[in-house]
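Enquirer: Letter by letter, the chains look like this.
Number of protein chains: 2
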Amino acid sequence: MSPKTMRYPYDPEQSASNLIHRLGRLIRQGAAQYLVDQGAGVTPEQWGLLVKLAASLGATQVSLADPLLKDHANITRMLDGLQRRGLIRRRPNPGDRRSHHIHLTDAGREFVDDLLPGVLEQKARWFEGMNQAQLDQLVELLKLLEANIRDADND
Amino acid sequence: MSPKTMRYPYDPEQSASNLIHRLGRLIRQGAAQYLVDQGAGVTPEQWGLLVKLAASLGATQVSLADPLLKDHANITRMLDGLQRRGLIRRRPNPGDRRSHHIHLTDAGREFVDDLLPGVLEQKARWFEGMNQAQLDQLVELLKLLEANIRDADND
DNA sequence: TGACAAAAATAGCCTAGGCAATAAAATATG
DNA sequence: CATATTTTATTGCCTAGGCTATTTTTGTCA
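The listed protein sequences derive, respectively, from chains D and B.
Counting from 1, one number per residue, gives the positions in the first sequence under our numbering.
Counting from 1, one number per residue, gives the positions in the second sequence under our numbering.
Accuracy of the hints is not assured; some may be wrong.
It does not matter which identical chain is used: a pair holds within one copy or between any two.
[Claimed, not checked] In the SDA-like style, the derived pairs of lysine to any residue whose C-alpha atoms are separated by at most 25 Å in a straight line are:
no., residue 1, residue 2
1, K52, A40
2, K143, D106
3, K52, H101
4, K52, L115
5, K70, G30
6, K52, Q14
7, K70, R125
8, K123, D136
9, K52, Q29
10, K143, F127
11, K143, A124
12, K52, G81
13, K123, E140
14, K143, R98
15, K70, A54
Rather than coming from a laboratory, the hints here were simulated on the basis of the structure.
In this text, all values refer to a predicted model and were calculated from it rather than measured experimentally.
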């Protein structure tokens, strides 16, 4: 066969998977810009950890990483950054000397309390062109897709 | 105020923006795994460039980067990798001595032709739990969201 | 024309992501 | 109990992403 002149009958840029991947970067970038504008001095990923820590006191690094599907090594590095900024503290876990309990410092908690409302507002702005039914449907489809991909890759 | 014990009334992990961001990583990782299994020796991002090049002969680096919302510096690096593997070639652009025309080599074209069917099959597997109407709706919502975010961030 | 702004590609820097490897501690198993 | 396996955190390595220069051309416009 001579496929040298073959044209592929789909537009990769409009495929759902590429849309999602591109949108993920766009969202990350928008969040990063917002944090810079606020002078926050943390990355969106570090922010995500802080919010999670605000809701789960004394988490270990594994319990932070796994629900977010993040690499343990990366969690180590992001926590290093947050610790340098004085926003979190690692404490020994009395029940297991391999692991630590991660805590927000007072400064960390204040940081989250100060920034969270604005972050939620910005998210809301992104979804302005969408009514609640559409948003619900989007979330539902995304969850379905996430489950699909997790299954498909565990074969 | 004493928000130390305040609980935030939303679950960040289930928010649409975080779902999308996480799903983007999951998709990227699945694609990477597939390419490794096939012994392709390219990253998903490099693969994306190859597919785009297969459809647009003689593109400049800007014309590759902008539709994908990618940084020009990254395009340079990814093309370096593809060039080292002999899959693409940079040619001088006679009309503008600042830029290059990027071409697939014969090996590059063969590479895309060989791998593309399998890639499409794998994508199809990811979307198996979803009927066509759901898929269409998902794509539509994602496009709407992308437009929203691009607008919102250009204020 | 000649200075000046804009565009194309690139390099440098830092963080995230994902992988392999390692050290230390905990758990399982014969 | 002794040995092996698993788990937790960490480091090293490489690529992508996103920024800021920097260089070379091109385009503008006074």
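Enquirer: Each hint needs a verdict: does it hold in this structure or not?
Expert: Cross-check of the supplied hints:
1. Only within a single protomer do K52 and A40 lie at most 25 Å apart by alpha-carbon distance; the minimum there is 17 Å, versus 37 Å between protomers.
2. Taking CA atoms no more than 25 Å apart as the test, K143 paired with D106 passes in neither setting, with 34 Å inside one copy and 41 Å between copies.
3. Within a single copy, K52 and H101 get their C-alpha atoms as close as 13 Å, which meets the 25 Å cut-off; across copies the closest is 47 Å, which misses it.
4. Within a single copy, K52 and L115 get their C-alpha atoms as close as 14 Å, which meets the 25 Å cut-off; across copies the closest is 40 Å, which misses it.
5. For a Cα distance limit of 25 Å, the shortest separation of K70 from G30 qualifies both inside one copy, at 20 Å, and across copies, at 14 Å.
6. With identical chains, the CA atoms of K52 and Q14 are at most 25 Å apart between copies only, with a shortest distance of 12 Å across copies and 33 Å within one.
7. With identical chains, the CA atoms of K70 and R125 are at most 25 Å apart between copies only, with a shortest distance of 24 Å across copies and 27 Å within one.
8. For the identical chains of this complex, K123 and D136 are neighbours both inside a copy (15 Å) and across copies (24 Å), given an alpha-carbon limit of 25 Å.
9. In this homomeric assembly, K52 and Q29 come within 25 Å of each other (Cα to Cα) both inside a single copy, at 20 Å, and across copies, at 23 Å.
10. For a Cα distance limit of 25 Å, the shortest separation of K143 from F127 qualifies both inside one copy, at 18 Å, and across copies, at 12 Å.
11. Both within a single protomer and between protomers do K143 and A124 lie at most 25 Å apart by alpha-carbon distance, with minima of 20 Å and 17 Å respectively.
12. Within a single copy, K52 and G81 get their C-alpha atoms as close as 16 Å, which meets the 25 Å cut-off; across copies the closest is 37 Å, which misses it.
13. Taking the shortest Cα distances, K123 and E140 sit within 25 Å of each other both inside one copy (18 Å) and across copies (19 Å).
14. Proximity of K143 to R98 under the C-alpha cut-off of 25 Å is found in neither arrangement, the shortest distances being 34 Å within a copy and 46 Å between copies.
15. In this homomeric assembly, K70 and A54 come within 25 Å of each other (Cα to Cα) only inside a single copy, at 18 Å, whereas the closest approach across copies is 33 Å.
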